[in-house]
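K.L.:
Required output: the full structure, derived from the provided sequences and hints.
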Amino acid sequence: MAEQDWKTNKRTFAAVSIPTLFWVIVFFLVPMAMVWLYSFGENRGLTEIAISGTLENYKRATEWLYLTIFGKSFAVAALVTLICLIVGFPVAMAITFASEKWRPWLLLGIMLPFWTNLLIRTYALMMLLGTQGYANKSLGALWEGASWLKTLVGLQPLPTWEPVQLLFNNFAVVFGLVYVHLPFMVLPLYAALDRLDRSLIEASLDLGAGHFRTIMRIVVPLAAPGIIAGVMITLIPALGAYLTPDLMGGTDSQMIANVIERQFKKANDWPFGAALSFLLIYAMFILIALQSMRRKVPEIH
Amino acid sequence: MALFARTPVAPLEYSRTLWMRLWVGAVMIFLYAPLIVLMIFSFNDSKRNVVWRGFTTKYYEKALGNDELIEALLNSLTIAGLATIVSLALGSVAAVMLWRFRFPLKGAIDGTISLPIIVPEICLGVAFLMFFSMVSWPTDLVWPFNLAAITIAHITFCFPFVTMVVRSRLATFNREQEEAAKDLGASEWQVFRDVLIPHIKPALVAGALLSFTLSLDDFVITYFTSGPDTITFPVKVYSMVRFSVTPEVNAASTLLIILTVALTFVALKAQGVKAIAETH
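Quick mapping for you: the protein sequence lines, in order, are chains A and B. Using my numbering, the first residue of the first sequence is number 1, and each one after it goes up by one. Using my numbering, the first residue of the second sequence is number 302, and each one after it goes up by one.
Think of the hints as simulated: they come from the structure by calculation, not from any bench. Hints may contain errors.
[As the list claims (entries may be wrong)] With a straight-line Cα cutoff of 25 Å, these simulated BS3-like cross-link-like pairs (lysine-lysine) come out:
no., chain 1, residue 1, chain 2, residue 2
1, A, K101, B, K570
2, B, K407, A, K7
3, B, K483, A, K10
P.N.:
What follows is the structure, given as C-alpha cells:
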C-alpha cells in the first residue's frame with residue numbers, strides 16, 4: 001500500500017510532524033547553523049565575537065600544521081577500519097554459520113562491550129597497557145622464554161627485558177580505537193552475511209573452489225554493501241574520535257577532535273574551532289557521498 | 302545423527318572449524334580481558350593497582366562514600382532515563398511520519414533527522430556549547446532542572462536511533478491490519494495504541510536500550526554541554542582517570558558494568574536475545 005498524502009489526513013500528520021520538526025529545527029539545525037555562522041567570525045576582545053564573513057579561519061585551517069593533523073586523523077581512522085575489517089570478518093562469518101543455539105550468544109558477546117561505557121573500556125585498556133600492566137608482563141615473560149630457549153641451544157641469552165612503552169603513543173591510539181570500534185564493524189558485516197544465499201557458496205565449493213577463493217570471489221562481492229556499511233560505521237566515529245587519542249595518545253597523537261576541543265576549552269578561539277568542526281563535517285559528507293555514488297552503480301547480473 | 306557422538310564438520314559450518322574457533326576465541330578474549338582485569342583489580346588491596354596484594358572491598362566503600370561520584374551517577378541515570386523516554390516518543394512519532402505520509406521536502410527532512418547520527422560527537426558538542434551560551438541558558442537551576450541542557454543534547458542524538466529501529470520494524474507491518482481495525486470502528490488513536498504500538502514493541506525495547514546506553518555512555522557532548530556545577534558519571538570518571546588511576550575508579554566502573562549487564566539481561570528477558578539482535 002502506498003504512502004498516504006499528508007493532505008488527506010492533516011490532523012494525524014500534524015500530530016506526528018510538529019514535535020519532530022520542532023525538535024530537529026530548534027535543537028539541531030539552529031545549533032549547527034550557529035557553528036556555521038561562527039566559522040565566518042572573528043574574536044573581538046575576550047568574549048565578544050563578531051560574525052564578519054571573514055574566511056580567515058578556513059585559511060588558517062589549511063596551514064601545514066592543521067593539514068597534517070587532518071591527514072593523520074584520516075590515516076589513523078583508515079588503519080583502524082582496515083584492522084577492524086580483517087579481525088571482524090572471520091568473526092562475522094563464524095556468527096553467521098554458527099548453530100541456532102550459539103548464534104544469539106555470540107552476537108550478545110559482541111554487543112555487550114558495545115553497550116559498556118566507552119570511558120570504562122578505554123580505562124580498562126589503559127590499565128592493561130601501562131608499563132607495569134599485564135600486556136607488558138606477558139611480553140616480558142615471552143622474552144624470558146625466548147632467552148631461556150636460546151641458552152638451551154647454547155646461544156647467548158637475550159639482554160634483560162625492558163618494559164616497552166605501550167601507552168601514550170600512536171600505537172596505543174590505534175589499538176584503543178580498534179578495541180572500541182570492533183563491534184561496530186562486526187554487526188553490519190553479520191547482517192550482510194546473514195542475508196547471503198548459501199546455495200551460492202555451496203555451489204562454489206562443489207565446483208572445486210577452495211574456501212579462501214570462495215570467500216574472496218563469492219562471499220565478499222555479495223556482501224559488499226554490508227562491508228561498505230561496516231567500513232562507514234567504523235570510519236566515521238574513528239575519524240572524529242576524541243576520548244581515545246586524548247587519554248591514550250602521546251603529545252604527537254593528537255587527532256582533529258582534540259584540536260577542536262582545545263579551541264573551545266583552552267585556546268578560547270571559538271570561530272577557528274567552528275571552522276575546523278565544519279571542515280570535519282564536510283569530510284564526513286564527502287565520505288557518505290562517495291558511498292552513495294558507489295551504490296548507484298548498476299549491478300551486473 | 303544419533304548414531305554418531307560427533308557429526309563431521311560440514312563445508313558451511315565455518316564456526317566449527319578449528320582456526321575459526323581460535324579466531325573467535327581470541328577476539329572474545331581481546332574484548333573481555335581488559336574488562337575482567339579491571340573488575341578483578343577493583344578488589345585489590347593496593348593503591349597502585351598493578352600488583353595483586355590481597356582481597357578487599359574497601360574501594361567499594363570509598364566509591365559509595367564518595368558523594369560527588371554518587372551524585373554524578375544519579376545525574377547520569379536521571380539524564381539517561383529522561384532522554385530515553387523523550388527519545389522513544391519523539392523517535393516513534395518521527396518514524397510513523399516518515400513511514401506513513403508523503404509530504405513536500407520528505408527526502409530532506411528524512412536526511413536531516415538521521416544527520417545527528419553522522420555528525421561527529423565533537424561537532425555536536427561544540428554546537429550545543431554555542432547554542433546554550435547564546436540563549437544564555439540558566440546554569441544555576443535546582444535539581445533536576447539543571448540537567449535539562451544535557452538531557453536536550455542527549456535526546457537530539459538518541460532519538461534518530463529510535464527512529465531508525467522503529468522504521469525498519471514498521472516496514473514489516475501489514476497495513477491491512479490497520480484497515481481492519483478502522484473498519485471495525487477504531488479511531489486513529491486507537492489504531493496507533495492497540496495495533497501499531499504492539500507491532501513495534503520489539504523495536505521500542507531495542508530503541509530504549511540503545512538510547513539509555515548511548516546517553517549513559519556519552520562523554521564528549523556532555524563535557525561541552527554541562528555547566529560548571531553539573532557533573533555526570535563519565536565526566537567524573539574522566540577527571541579521575543586524568544588525574545589519578547585508583548582502584549576507586551575500578552570499583553565505580555565495575556558497578557556500572559554490572560548495571561549495563563543487568564539492563565541487557567532485563568531487555569533480553571523482555572524480548573529474547575534473537576529479537577534484540579535482529580533489530581540492530
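K.L.:
Next step is simple, just say for each hint if it's right about the structure.
P.N.:
Comparing the hints with the structure gives:
{"no.": "1", "hint": "A:K101 - B:K570", "verdict": "16 Å, holds"}
{"no.": "2", "hint": "B:K407 - A:K7", "verdict": "14 Å, holds"}
{"no.": "3", "hint": "B:K483 - A:K10", "verdict": "17 Å, holds"}
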